[in-house]
Every structure is written in C-alpha cells, then in structure tokens.
Amino acid sequence: MVLQSLKNCLWLPCVLRTPKACFWSTASGGLIIQSVSNDVYQNLAVEDWIHDHMDLEKQQVLFLWRNSPAVVIGRHQNPWQECNLKLLRQKNIKLARRRSGGGTVYHDLGNINLTFFTTRKKYERMENLKLVVKALKALRPQLDVHVTDRYDILLDRKYKISGTAAKLGRTSAYHHCTLLCNADKFVLSSVLKSPFKGLKSNATPSVPALVKNLFEEDPSLTSEMLLDAIAKEYAMQHQIDHHITLINPADETLLPGISNKTKELQTWEWVYGKTPKFSISTCLNMVYKDSVLDVKVNMDVKHGRIEVCNIDLPEQWLPPGLYSELVKSLTGSKFCPNETTTLVTTLLRLCPQDDELHSRWRLLCENMIRLM
Amino acid sequence: VCIHRVRSCSSVRFIKSKYVCVFDKSALKFSHQQRLFRTSAVSCGQIVQFKLSDIGEGITEVTVKEWYIKEGDSVSQFDSICEVQSDKASVTITSRYDGIIRKLHYSIDDIAFVGKPLVDIEIDASKGVASEEDVVETPPMSHEEHTHQEIKGHKTLATPAVRRLAMENNIKLSEVVGTGKDNRILKEDILNYLAKQTGAILPPSPKAEIVPPQRRAEAVPAAPKDKARKIPVPAPRPIAFAGKDKTEPVTGFQKAMVKTMSAALKIPHFGYSDEIDLTQLVQLREELKPLAEMRGVKLSFMPFFIKAASLGLLQYPILNASLDENCQNVTYKASHNIGVAMDTEQGLIVPNVKNVQVCSVFDIAVELNRLQSLGSAGQLGTSDLTGGTFTLSNIGTIGGTYAKPVILPPEVAIGALGKIQVLPRFNSKGEVVKAQIMNVSWSADHRIIDGATMARFSNLWKSYLENPASMLLDLK
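Top to bottom, those sequences are chains A and B. The numbering of the first sequence is our numbering, which starts it at 13 and goes up by one. The numbering of the second sequence is our numbering, which starts it at 400 and goes up by one.
Extracted from the complex, chain B is given alone in its bound form:
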C-alpha cells in the first residue's frame, strides 16, 4: 500500500506513474489521501531536492534562462538540467542523480538562489540516497590501476548503477570503452565488454545481421538436388535496432511545397518528351564562354534554353497563358517571365527572369547569375519569386534523363531538362558519330493545351537548339 500525496502547489498535477510514493511525514497531515493498490512489487522512489550548488565568486543568485528538461522526464547523472545566468556568466547545471524530474522550482527568468532547491528528483530507493559529492572516483582498484589512471589523465565517467554492474562482474572500468557523452561508460558498454569476454550471445549489432544475399542464393540451388541432407535454417535472431521514428511539423519551405503541389493536383497534366542533339550548342558555348567571362559573367546552357523557349512562346503563346479559377477565361500573358527551378539548402525555390522576350542571351546570363547568388544566400526578394509565366527545371545538373515535372500554378506548362550525355548516333551519311544528347520532358495543362501544340512547340525549341544559327533569324 502506498500513500499518494496530492501536491498543494497551484498547478495540481497527479503523478502519473503508479509506483511512486513519498516518504514524507507531512503527507499524513493532508486530508486528501488516496490509497493505491499495486500488484507489482516495485520499490518506492525517494524524492530528493537537488539544490543549486555554489557558482563561485561569491555569487548568491542567478537567473534561470532555459530548462533542458520538464517535469516527468527521466535524467541520468551528469545530464544537463538547465542554463542559468549570472553577471555575464552562463552556467550549465547538470544533474547529480539518476531519476525522474518531479518538480521544477523556478520558471524561465525567475531568480534562483544558491543553496536553495532547484528541482525535485525522484531517485530509485534501491540505490540509496546519492552522496552530495559528484561520483567521479573510480571504484577501489589496486594501486597499480590507480596510477595507470593518472598517467592516462582521464576520468572514467559512469553512473553508480553502471559501476555496480562492473563491480559485480569483476570488470575494470578502465578497460571498457565508453560510448556515452564525454566518453561516459554506459550499461551497454559493460554488456558488450562482457559479451566479448565470455562469448555470451547478446543481440548482435545491425551490421552483423546483413547477410550478403549472394551466399543464400548459392546455398539454395544445392538444396533440391540433395534431399537427404537438410540445410540448417538459421534461427531468426532479434535484430537490435535502436532507431526511433521522429515526427516534426511541416513548416517553412516544405509548407510552401505542400500548398503549391496540392494546387497543382487540380491540373490535368499530360507529358511529352523528346531528345535534343546539342552537339553544335556545346561547341558554341565553348566559344562564347571566355567572352562572357571577360564581361564577368558565368555562361551556362540555361540562357540558351531560356531564350529558345521564349522564341517558341512567341509562336505558341497559349503555353505562356493562365487559366482562371472557374476555367472560364484564358489570359495570354504578354511578358515571358521564365522561371528557373533552383535547389537551395532550405529547399526548392523558383525565381524567374523577367521579360525574356526582350532580353539577349547575355542579359539572361547576367540575370541568372544574380538570381543564383541571391538564392544561395537566401536573399531573394518577392518580385524575383512572383510573376512567373513558364518554367524550366534543369534537373540534369544533378542527374537523370526523363522526368515528369509538375506544373506550378498559375502557369500551364513546364519543362524538365535531363543531363547531357555523349551517345552514339547516326548522322545523315549513315555513319555513327559522337553526339551530345539531352532529353526534355514537358508537362502541360490538358484543359487548354493539346498534344499537337506541345509537340510543335517542342520541335521548334529543339530546332533552335540543334542549330543555334537559326536562332539568329528570329531573335528580337
């Protein structure tokens, strides 16, 4: 039978665990007492008041700035409990005990006093009351062991429970590899050490369990032939995996993606893909790169792709349009604000180059440079990120050939560009030659765009890129 004491503090909180009891005589004075019957024989925990220890320099009070734990959390000795501040000094207070936090005596920004209780910790009664001293000394060893410790100059950190386990198994803590914080020796480390010594079967590490599939495959064909001999089936061993699921709220860039893509779902997409021979363009770019560098601009393939797209949109303006909410009206946008998908540390952003229809390839390169440096610094403005009418995604810089891009509303089309590969192709004479091949995958809104339009646009775009000189004829 254990006496359950109802706390008298303003936030009345029932201690959830069944096996808590308080050896506090004052509890008997309370009129509200409940008797809980327990069926399991669990020892009662003792609540110890952990006092704020001396900070030094004669400081008597500090401000509590951050709690690292909350009531109900379990702590181990040396875990950080809170951060307090006093006169330009920030102090990390660590726990002296293993146990469960039962009460925080201060809130954030309260003044805490040295020598007064900071938190109440319930410790396991079987361990006894922990001494006031930090348990850092090693358990009794031979003198030789002790000097060995000093030469190494390191302290063996281990909680009293771990030390007891080591002592019970005649293990020298100095020989155990600690894997905890500050190289602290954990219970698992003792068990691993034991396993190695005695050859005991412990749950193996996940790595050991990965049996190469080939071996199994080789073993299996032998079985049907030889029925007399039985192949021993390995007994399923429990795989010890310490990983935990982690749930976090969707915020920031992810939230933006969720909204955009959910809206994009409403658009009936169709795809159209093709292969572009960029051999001539590759050569052209090589020639123009140094010229651009002289002007202080990095020239990639994108400015060519973007300009060619704009030339194509002049012939097929429906691809640069927008359908209103009720699908009643189509608005043909005058400006070709071509968006370029960018992968940043935080996630996907799509800034756009404004008015490509009046920009030269070099102008586009300059603007792309500007957007790229702002994008990687996380300093793109709202005008850079709004007003797009058509988008290109150069996923090929990372990899891939064919893709299925998703249209970004309120646009009606998008193109994904794969990587440029050197592949063998037949030329007009029937000879096999080296060609620089890139794949493009278009997606368009089938409510207002039909396959033929998309195909013709793509062919036009392709022809400009396969024969860059033809762009000169139509450049505005």
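The shape of chain A in the complex, shown without the other chains:
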C-alpha cells in the first residue's frame, strides 16, 4: 500500500478549467482518497464537493474518512427525535445533518466511513456492499458477515456493523456506509436515545438495531487494517493501483469553494432548520411552592422555528400581558435553548420587579427551555 501525499498538483478531474495535463488522465477506472481531517463537517463538505464538481464518467472514486465524536442525522430527520441533544451538548459531541437520506448514526474514531462515488447511471449499492464484505472476508475468512436486503451488513446474522445511505443528483450519485470497528458502544446507545415525549412528525424515523464492533469479534483488527483491506479490494475490482491519496479538506486551492460548503453544513439553518415540520404536545411538571403544576404545552415547529405556541397555565398565574408577550416573543423564533433564553431574560427586564413574579417566570421558562 502506498500512501501518497498531495502537494501542488491540480489533479482533481473536475469542471474547472485546468490548463495543465493532470495525472488523473493516466489513472483510469478509479481513484481512492482518504481525508486527513477528523472533522465531520469538513468531511461531509468533501462529499458535497466531489458530488458537485467531479466528472465521474471516466473515473469512480472511493472516499475514506473517520470522524471525532459526532452524531450524523439523515437529510430529512428530526434531531430532537433522534438523539439526546442535552447529552450531546454536555459531552461536546458535534451534530451534523448529511445530504443523503437514511437514519441517524454515531461516529467516532472507531468507526470508518466509506463513500462510493459514481455517475447516476452506475449507482449500485449492493455491489458496493458486496465489495466491503469480500474485503472483510479476505482479511479474516472466519468472519460471518453478509449484506441484508435493507443494505445493512450483519455480523453473526444478528449484529449490525454497517448502515447505508445514498444521495442522487442529476448526473452523479454517491453511496456511503459506516463500518463499526472499535466505536464506543456505551456513548453510542446513550446519545442515540431521545428523551423527547409527545413529538409528532413525518420525519424519517431511525430503526434501532443491535450493534457490535468488529474488534469484539477479533481483537487483532484495527481501523487502519479495515481501510486498507477495502481499498485493496476496490483497487482490484477497478483495476487500478493500490494507492490511497491523502486529501486535506481545508485546502481551498485543491477544492475551491470547500470552505463555504463546510460553513453551510454548520449553520443552524441547515442542521436544525431543515427539520420537517413537527408538533409537540407535552406536559411540564413544575414544582412550585410545595405543589406540582401540570402545564400543558403545544407547539408547532416549522423550519426549526416556533410557528404556534400554546401554554396552558393556571389563570392569573402570570399577568396576562406578560403571558401574551411571552407567546408573541416565542412565535417565529428558533426552537433553540440559547435564543429562547435570551428572549425570556430580556422580557424579564421589562416587567415589574417583583420577586414572586420573577421566580414564577424563571420556573416556567427554564422548563420550556429544557424541551429544546
């Protein structure tokens, strides 16, 4: 295996006007690249870039990447429904929304990601997964791995070790999948469990599955070995050299426009704002002065913003003017704890300086913010 580091070569076959003869014209059939970055946003941006700019007619691409801890939701999913956002924030685990469909996955350095880029016509997921299975079996013949018709890879007919998703554009397509080598299963199961109750939505739901690391089956396996085995198999099937070219997703000269793509993937509008419309119908149990108040809350959230908000408070618990100010402020603002905190604390500045009122207000608002 030869790892080649790229320097000043404009080698990417893309729609850019590259006057020099590039070495891609000598490599035929396929190209294997690996990211030097562990940042989920940068790596997703590379996928976008290749999808938008590379001409895959002559040459297919295999992209290998790994991420530091992150939860990645599918294009049409609801993060509140899919994961424990509070835990994510606490543990500083990133949240990303990818452009392909499918369900939610947890990434860390013990998980490897493979993206198969082809033209739209040559899009074929089963073939790709069979390639992965073949590579695994070549590495460890005793492994009981097979591909299901749901495009999962199962170990011992029971444990899911790989999930799949795909994105199709006008002329190109990509199919990517995960592969659990040595991921932290404890963190995985705790972050992928949402405590949210009373959420109704048409977002794509994830199908929970029993997972296992390949490392548990065979402790001699490492992520590097798996990456190498898969690259070797890909090289063989595409009749190319077994070279893995390293790319740096921060390199703007190599990948012009990549920093914009990376930025876009991190915006609130993309990660949260692309959530399909959903509604919340829940009950806040607020403990106030030795009694428990049951407060029903109903909200409609569209594009990540509160469209409609109804809080069923006991009469006169808050002055009616203040209640309507609260609802007015929340309507149209992001379903986001930070923004809501700013708004409600501002409103507190404008109402009478009454300790009782302030403590009621804080109690209600803190409960509301906990939902987000």
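Hints are not guaranteed to be accurate.
Listed next, the stretches of chain B that the computed footprint assigns to chain A, with coverage defined by at least 3 CB atoms under 8 Å from CB atoms of chain A [what the hints assert, rightly or not]:
hint	segment
1	487-495
2	722-734
3	802-809
Chain B is nowhere near these chain A residues, computed Cβ spacing over 10 Å in every case [to be verified]:
hint	residue
4	48
5	93
6	172
7	231
8	237
9	250
10	257
11	264
12	283
13	295
14	324
15	331
16	381
Rather than coming from a laboratory, the hints here were simulated on the basis of the structure. Just so it is clear, CB atoms sit at the ideal spot from N, CA and C, and this is done for glycine as well.
Starting from the structure of chain A, add chain B where the hints point.
Just chain B, lined up with the frame of chain A:
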C-alpha cells in the same frame, strides 16, 4: 385571442400572467371560458408535464420531502426542483426545462411515482418542445474541437437559449468562461465574451465605474484658468448593479435588542466621561497574571474594573438601584450583580457576576472565565442573564475611546470602557512620560441620579484604578 382555462383542481387558482394560454383541446369542453384580449404579441407557452425519471435499482415510488420551488416560480434547466427520498436514498430532482412552474402534483410527504408527472412547467413555445434527453452535448463543432473537449474532461453546461445565442454569434462555448452554477455558461457570459471580441459598449462592471476622486479634483482647478478649452464632461453611464434588497423578519437576538432598547428610550440619559491613567494597574496585572494562570484562570483587566465599581457602589448606592414603573419608589439593591456586555456570534448578551461586593478580584476572574466560555458556546442559563443591577461594557477590546452607552432597564447606570492607549502625559514634575490611558463613558438615569453623584462615583472608581494599592484599604 387566447382561451383562458379555469383549472378544475380543488384549489382554484387563476393564472396571473396575461400571456398564458393552453394548447389543450380538453379546455374547449369546459363551460367556463374567458376570452382575454391581449394587445402585445406574445407567444403562448406550452405546458409540459415533467415526469419523475427513473431513480435506479428498480425503484417505482418515492416520498416527496421538500419542494425548492412553488407554483409561479420561474426555473432554468438544471435548477433543483425538489428532494425525494426512497429507502435511505435522498434524490435531488432537477428541471429539464426552462420555464414557469404551473402545478405541483404532490405535497410534502406524498408518495410520488416514477414515470408519472411531478410538476407542470410552462415553457416558451418559441423554443419548441424540449427533447426528453438532457441537453448536455456541445453544439456541432469540428472534430478537433470535440477531442479538445474530451481532453479537458469537462462538460459545457448551457441552456438551449444560451447555446442558440452562441451559435448565432459564432462563438465556441469552450472558449466562454461560465459563471453560473456548476460553471454553467449564462447569457451574461456570452455577452461579456462578445463585448471583449467586438469592443462593443456594454454596461460596465461596477468596479470600472469607481473613478478615483483625486483625478477629478486635479482636473477641476485647471478649468477656471482655461476658459477657452472645454473639459469634456463624461456622459453618465448606467452602472450595472445586480444587488437586490433583502427583507427578513426581526427574530431572535435582534428581537431581544429591539425590546430592551425601546424600553431604554423611556429613560432620560445623561453622559459623563473621563480619562483614567492605568499605568500602575497595567504593571500590577502583569505581575498577577502568572499567579492566576497557575491557578488555571485567565486574568484580564475586567475583574479590577468590576471590583472597583463595586467598591464605588458601596459609597454611592443610588447607582445600584432601580426605579419602579410609576417612578414612585426607588429600590436600593443589596447585591452588586455587575453585568458584563458580551459580543457573541448571535449578538449581544449581558450575563452578570453575582454579589461582587463579597467577591475577591480572583473570584470575579473565575466567574468571568465561566461566563465567557458558556457565552461563546451559547449555553448561558437564565440565572446568569437575569438579576443584573449595574453594567460595564468593555467595548475597548474591539476599539474606540468615548462612547454613549444605553442603560439596560431596570438598571439606572452603565459604563463603557474604551481601549487602553499609550499616550504622552505630564507627570507631577512637569516631565512628559508614557502613560497607559483609557477613557470611560458613563450614562445614568437623570430621573434619580444627578451629575454630581455620577462625577463623584467616577472619581472614586478612577482613584482605585489609578492607584490600585488604595483598593486594599477598602476591600471587604
């Protein structure tokens, strides 16, 4: 004369444009027909049903997840129309035609079928019915040109209208720089190319129009002297500026600011500014910084400013008070909860350090560190953001000297600190020395605070900072 057909779908919608007509024989069967007389000779558009093309892998149905366009929008070929999902695959459907969207056949979350119509697009009849194939091939060129294309390995993307324009002007698309999406060649690119070839006068780019003012200034004085010669006045050329106004609703942090500042308007502000010599404080901080770092805390100037303010408030408690709504009562707050204005990515927030009157400078530094890291992570809690009684805004970290800060209700005073500059000043011996100078600008509520009080408070605060050792005497 054109026949205007009233749609039979449940949401009856009149097509707004006057020049639409439908070559649909079934329209004649309708009893409701209106004849619209047109004065302009515009060709009728043809409504084409854009069918959902094959997804691959034998998939026959998909779920519509997001529309990128709505009825009435105009689209160009290759623009994204919608996003559909099928079995873990998300597919972007792009338009095959240029035209106007007339009907969406599905709503969000509906099941759409491959081979069935997805949208109706009205295309310009003069262009003819677009072929079913994606128009990606280059127009007929010499064989040499064609191989040149292949070597480059890129496809020239251009709509049929653009290709026609190129062909009519004998332009090779391969020589035109495309500035559209996916490096697509747009009509403007052809026009620019033409301009360069023929030297035709086209609306110049905005950059070219910015004539350096100096040149004009030099030209003008010459004119009065020489009346015989006329200076040619440049003819006003139309500046092509493609920018558009953008309107968006005020939400989030901006909304909070609007509310706060509108309430602050009711407070009659007066300002008081002064200059502080921080030479000794700068030196002190240099000595203490490593000590704080050993304890894992970053020490800035703010903890000193905050503590000095609290010591001052002990002598002038009216500055730490609150006036009720009817201006009937003044409440002197016991706690000095000093707010620190923070600039985050989302906007301005003002968390406060609680009970500064019982905190040491180091305690304040620790708390500031905590608030700053929470603030930048967007994780400040409600208790951090409420209960403030007095505020300091260190705008000097960004820049500036004097400011006119706005009081944050229900407080009655606020101070804005400018940047620390090294300036020459006279010392007691009359010599010019280097001094570290910072300006402070106070604003106070003139309903209950008078200028003298503010001035005395400021002097006290200034004296603590100019001679930090004096703080030791009054520290609690």
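Hint-by-hint comparison with the structure:
1. 487-495: With 6 residues in contact (Cβ-Cβ under 8 Å with chain A), the coverage given for the segment 487-495 of chain B holds.
2. 722-734: It holds, with 3 qualifying residues against the three required.
3. 802-809: With 3 residues close enough to chain A, the hint holds.
4. 48: For residue 48/A, whose nearest Cβ neighbour in chain B is about 26 Å away, the distance exceeds 10 Å, so it holds.
5. 93: 15 Å, holds
6. 172: 13 Å, holds
7. 231: Non-interface label stands for residue 231/A: nearest chain B Cβ at 31 Å, farther than 10 Å.
8. 237: 27 Å, holds
9. 250: 18 Å, holds
10. 257: Fine: 18 Å to the nearest Cβ keeps residue 257/A off the interface.
11. 264: 17 Å, holds
12. 283: Answer for residue 283/A: holds, closest chain B Cβ roughly 13 Å.
13. 295: Its Cβ never comes within 10 Å of chain B, the nearest being 21 Å, so this holds.
14. 324: Holds, since 21 Å exceeds 10 Å.
15. 331: 12 Å, holds
16. 381: 7 Å, violated
In this structure, only the earlier hint numbered 16 is contradicted, and the remaining ones agree with it.
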